[in-house]
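Using the sequences plus the hints, can you model the full thing?
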Amino acid sequence: MRRAWLSLVAVLLASAAAWASPGPTAGPSTGAGADDAAVFEQGVEAYRAGDLETAQTHWESLLRADAEVDRADVLYDLGNVAWRRGDALQAAARYTACIRLAPRHRDAWYNLEFVRSQAGLEPADRGDLAATGERLLDVLTRDEAAWLALAGVLVFAGSLLFEALRGGALGRRLALAGGLICVVGGLPWAHRWLQPVEAPWFVVQADGAALRSEPREAGAVVGRLDPGTEAWPVDSLPGWERVRTPQGSQGWVAADAVLSLSAEPPASGASIRPAPQPGS
Amino acid sequence: MNPKTWLGLVLAVAALAAPGRAQDVKVRAHLSSGVVKLGDQVTLVIAVENARDAAVTQMPDVEGLQIGALQGPSIHTTESWINGRRSRTVERTWAAVVQPVKAGDFEIPPISLSIDGRPDQTRPMALTVVADLRGEELGLFEIQASSTKLVEGQPFSVQLTVGWDKALTNVNYVNMSLPWWGELPGLIEMEQAPPAPTASLIDFVLNSNELVKVERLGDREVRGRTFVVFRLVRSYMPTRSGPLEFPDSFFEFGQVDEQRGFFRTERRKVETYFVQAPAFDIDVVPLPEAGRPLDFSGAIGSIGAEATAEPRDVDVGDSIKFTVEWSGKGNLEFFTPPDPGRLEAFDGFRVYGTTESKAFDRRRVTYDIAPLSSQVHRIPSLPLQVFDPELGRYTAVESNPIEIRVRALENAVSLAPEEGEAQFGADVHDIVAQAAPAPRSGGAGGGPGPRTLGGLLLAAPLLWLGVRTRVRRRGDPDAPLERRRRRARRVLARSLASATDAKQQLDAFHAFLAARTREPDQAWLGRDVAAFRAEHPRGGDLTDESAATLERLFDDLSRAAYGGDGRALDAARIERAASELIGGGL
Chain U
13 MRRAWLSLVA VLLASAAAWA SPGPTAGPST GAGADDAAVF EQGVEAYRAG
63 DLETAQTHWE SLLRADAEVD RADVLYDLGN VAWRRGDALQ AAARYTACIR
113 LAPRHRDAWY NLEFVRSQAG LEPADRGDLA ATGERLLDVL TRDEAAWLAL
163 AGVLVFAGSL LFEALRGGAL GRRLALAGGL ICVVGGLPWA HRWLQPVEAP
213 WFVVQADGAA LRSEPREAGA VVGRLDPGTE AWPVDSLPGW ERVRTPQGSQ
263 GWVAADAVLS LSAEPPASGA SIRPAPQPGS
Chain W
210 MNPKTWLGLV LAVAALAAPG RAQDVKVRAH LSSGVVKLGD QVTLVIAVEN
260 ARDAAVTQMP DVEGLQIGAL QGPSIHTTES WINGRRSRTV ERTWAAVVQP
310 VKAGDFEIPP ISLSIDGRPD QTRPMALTVV ADLRGEELGL FEIQASSTKL
360 VEGQPFSVQL TVGWDKALTN VNYVNMSLPW WGELPGLIEM EQAPPAPTAS
410 LIDFVLNSNE LVKVERLGDR EVRGRTFVVF RLVRSYMPTR SGPLEFPDSF
460 FEFGQVDEQR GFFRTERRKV ETYFVQAPAF DIDVVPLPEA GRPLDFSGAI
510 GSIGAEATAE PRDVDVGDSI KFTVEWSGKG NLEFFTPPDP GRLEAFDGFR
560 VYGTTESKAF DRRRVTYDIA PLSSQVHRIP SLPLQVFDPE LGRYTAVESN
610 PIEIRVRALE NAVSLAPEEG EAQFGADVHD IVAQAAPAPR SGGAGGGPGP
660 RTLGGLLLAA PLLWLGVRTR VRRRGDPDAP LERRRRRARR VLARSLASAT
710 DAKQQLDAFH AFLAARTREP DQAWLGRDVA AFRAEHPRGG DLTDESAATL
760 ERLFDDLSRA AYGGDGRALD AARIERAASE LIGGGL
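In order, the protein sequence lines correspond to chains U and W. Taking this note's numbering, the leading residue of the first sequence gets 13, the next gets one more, and so forth. Taking this note's numbering, the leading residue of the second sequence gets 210, the next gets one more, and so forth.
Worth flagging that the hints you see were computed from the coordinates, not collected in a lab. Be careful, since some hints might not be right.
Which residues of chain W face chain U? A few of them, derived with a C-beta cut under 8 Å, are [what the hints assert, rightly or not]:
1) Ile-640
2) Val-641
3) Pro-646
4) Ala-647
5) Pro-648
6) Gly-656
7) Pro-659
8) Pro-670
9) Trp-673
10) Val-676
11) Arg-677
12) Val-680
13) Asp-687
14) Pro-689
15) Gly-772
16) Gly-775
Incomplete in silico selection of chain U near chain W, CB under 10 Å [to be verified]:
17) Ala-49
18) Val-51
19) Arg-60
20) Arg-83
21) Phe-126
22) Cys-194
Simulated DEER-style distance windows between Cβ atoms [to be verified]:
23) Ala-202/U x Asp-577/W: 49 to 57 Å
24) Leu-503/W x Gly-145/U: 42 to 50 Å
25) Ala-189/U x Gly-794/W: 29 to 37 Å
26) Ala-143/U x Val-494/W: 50 to 58 Å
27) Gly-145/U x Gly-794/W: 41 to 49 Å
Since this is a predicted model, take the numbers as computed values, not measurements. Ideal Cβ positions, reconstructed from N, Cα and C, are used throughout, including at glycine.
Written as structure tokens, this is what we have:
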């Protein structure tokens, strides 16, 4: 009988290990693809030479889904390009997109807060209790949060197994502690899971974006999105994006007034607009 | 009372209640005087009788006459009995003051009225205005503006000089008629300088309805006469460009007779004279855009600055009251004082705040500043950007620099970077220059999905429930005998480690067996293994090999304990046997 229980636990642990182990198709690469790495390097060289447009072109080409470079780093570098070209809002959008992929990217956090202050926006981390809690919940990527949740569930299962086999006060306490660990470990995953999968749009136009009732210039203006506002995508037409504002209202905004925070290439209409170089 | 008497009374009441006969509508208009001195006033009266409704629709404009606002109507009703008939008259009356501004013969054209819905008009009226030559000779009235051309925001003053021949000893009435007083648009009256303590101030009537204090000056010789002279000064600031038109003004002086009644005092002019001050214009132009400094303060005028500081011998970080006083002719009340915190020259200071006070001829601002370093040796001059109308250009009025001594604090760190110390700017962090491999993304094969997590979360309690039910069938796993059984191996190892002879080893082994079989410690004393296997179903789980091992060990331990020298056996052998027994089902 004892052997049977031990076998059961071993099977559970083996299953968990099998989940955690990299699959043959989804495992981490041993290094960036040679071609992608070369394109990245070309972007770096262009940036160092002051050719920001070429650097931007190279790096944006790496934002395709199958590029074998870290897209968080690419977005971060694109944020620096936007900043050097004087567009603090677009830089803030790039850094925000980078942080969505790599929440613990320290340089991206620093640069984001810096360019937001230069653009006159409130800090991304307001520093109050709610903002700190949200940042704690977002400190892991979606995958990391899922693995943490799985670990919590396994700890919970192990504690329950101990309680079933041994019983007693210790077993009950361990089961309770395992439940708490499961809940706490699952919070980041639950937080991520409750958020929309689609990335929001970020208003990058310096004077904000007009929210229109219809996707045409003559459409009635039903609201206005301040610079730096994040609005969630609802629909899309050439040159226009339909968004849902944080207040819940919906409307159409010109595509060149917003930039997606996803890791995909920028919308067709989005372009880097020259802006005065902030005096830093 | 007979019926005839009743009839008479009814007729009388009816006669009283009946309305009077309709009267003809009459329109009249007249002036209180057909001849008037220049500077004096006449009253224009319009009266309409017996109209149910009447209104003046338009007042005429006559060059040379200022016709004031129409007052009224006042309604007066009279009723009278004439030859037994009741007559009722309703008269509506309007009045307006007419002020001549030049001599000559004038005709006031017909005034349009609307009477009972029909248009009507008055008859024309004639007015002769004669210059008061006597008044011009005996009186003095001059109005002088400090400048006839100003820029917007530039203060100016208007000085009125009035007087009369000193030989007129019976003058007891004066009235200055200044139609522009308080009426010119785009003009702000500024604070006036207080009169000298020794000045003699007298109340003059102004525009017949208010009193104003004028200053008595010394006598003055004018046109061969000696005049008693008074002065009134006011300062203004134009707030918009364009002409400022000051119309004709008059000064009336003379003698009035006062009749003091029980309720009020009646005044009757005995003889008064008029003297005129001609109309004049002031041209106000906008501030020039050319050369306007970015930090133009809005100050306009001829302004000087003087600075003081207290204390001047301080430690680093100590507060210094740095006071700058601007004075002169200008809009001292209205400009924005400079902010030293925005000036490079004051980089060596921290500015904590300002307090200020204003007076008619000066503006004083006190800055609370603190030197940041002992290298600061003086408070620099504070510039104020001013437009000087006399120069016709913008200029900087600078206060005088003030030498100070700043002592360094011992064991203190300077609030400002020392000379030569590097100062750093802020910028974004540099790009990532090394391509990193793409981490595993959150697609298929990323982290476990919600179904996996949910399934595991559901399976864990089910597993627990199943295992718990199965385990509890054998009893409580936390019961003392079960806990003793689980600890038996460890207890045996400890006992063997401390045993010094075979007897102690045998007792420890008996205790181990009793714990494993959930029996008392003495249960295995002298027990036959074969009999145990036959009697106890659980003991029957022992394999033959385990049973043989157990029997051999019992024999060896018994011989050593009771038949030999009592020396302890090899503890490892006993432990191996115990492990073998546990593995064999004990």
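Now for the hints, and whether the structure bears them out:
1. Look at Ile-640/W: its Cβ gets to within about 4 Å of chain U, closer than 8 Å, so that hint holds up.
2. Taking 8 Å as the C-beta cut-off, the interface hint given for Val-641/W holds, the closest approach to chain U being about 4 Å.
3. Hint on Pro-646/W holds. Least Cβ distance to chain U is approximately 4 Å, under the 8 Å limit.
4. Residue-level restraint check for Ala-647/W holds (minimum Cβ-Cβ distance to chain U is 5 Å; threshold 8 Å).
5. Given the 8 Å rule on beta carbons, the hint for Pro-648/W holds: about 6 Å separates it from the nearest Cβ of chain U.
6. Below 8 Å, beta-carbon pairs count as interface contacts, and Gly-656/W has one with chain U at about 3 Å; its hint therefore holds.
7. Annotation: Pro-659/W was flagged as interfacial toward chain U, and the flag holds, the nearest CB pair being 6 Å apart, inside 8 Å.
8. At about 7 Å, the closest approach between the beta carbon of Pro-670/W and any beta carbon in chain U falls short of 8 Å, and the interface hint on this residue holds.
9. Because the smallest distance between the Cβ of Trp-673/W and any Cβ of chain U comes to about 4 Å, under 8 Å, the interface hint for this residue holds.
10. Against a cut-off of 8 Å between C-beta atoms, the interface hint on Val-676/W holds, since the closest Cβ of chain U lies about 4 Å away.
11. Contact between Arg-677/W and chain U, as hinted, is supported at the beta carbon level, the nearest pair being about 4 Å apart and thus within 8 Å.
12. Interface hint status for Val-680/W: upheld, as the beta-carbon distance to the closest one in chain U is roughly 6 Å, under 8 Å.
13. With its C-beta approaching chain U no nearer than about 3 Å, Asp-687/W sits inside the 8 Å limit, and its interface hint holds.
14. Interface restraint check: Pro-689/W against chain U, minimum CB-CB distance 11 Å, threshold 8 Å, status violated.
15. Annotation: interface hint on Gly-772/W violated; nearest CB of chain U at approximately 38 Å, more than 8 Å.
16. With 8 Å as the threshold, the beta carbon of Gly-775/W stays out of range of chain U, its nearest partner Cβ sitting at about 37 Å, so the hint is violated.
17. A cut of 10 Å between beta carbons decides the hint on Ala-49/U: the least distance to chain W is about 4 Å, and the hint holds.
18. A hinted interface residue such as Val-51/U counts as satisfied when its beta carbon comes closer than 10 Å to some beta carbon of chain W; here the least separation is about 9 Å, so the hint holds.
19. Taken as an interface hint, Arg-60/U checks out: its beta carbon lies about 8 Å from the nearest beta carbon of chain W, inside 10 Å.
20. With 10 Å as the threshold, the beta carbon of Arg-83/U comes within range of chain W, its nearest partner Cβ sitting at about 7 Å, so the hint holds.
21. Annotation: Phe-126/U was flagged as interfacial toward chain W, and the flag holds, the nearest CB pair being 6 Å apart, inside 10 Å.
22. Given hint, Cys-194/U at the interface with chain W, holds; its Cβ is 7 Å from that chain's nearest Cβ, closer than 10 Å.
23. Between Ala-202/U and Asp-577/W the C-beta distance comes to about 55 Å, which sits within the given range of 49 to 57 Å.
24. As the Cβ distance of Leu-503/W to Gly-145/U is approximately 47 Å, the hint placing it in 42 to 50 Å holds.
25. Our hint of 29 to 37 Å for Ala-189/U and Gly-794/W holds, since their Cβ atoms are close to 35 Å apart.
26. Restraint check, Ala-143/U to Val-494/W: a C-beta distance of roughly 57 Å satisfies the suggested window 50 to 58 Å.
27. For the hinted restraint 41 to 49 Å between Gly-145/U and Gly-794/W, the CB-CB distance of approximately 56 Å leaves it violated.
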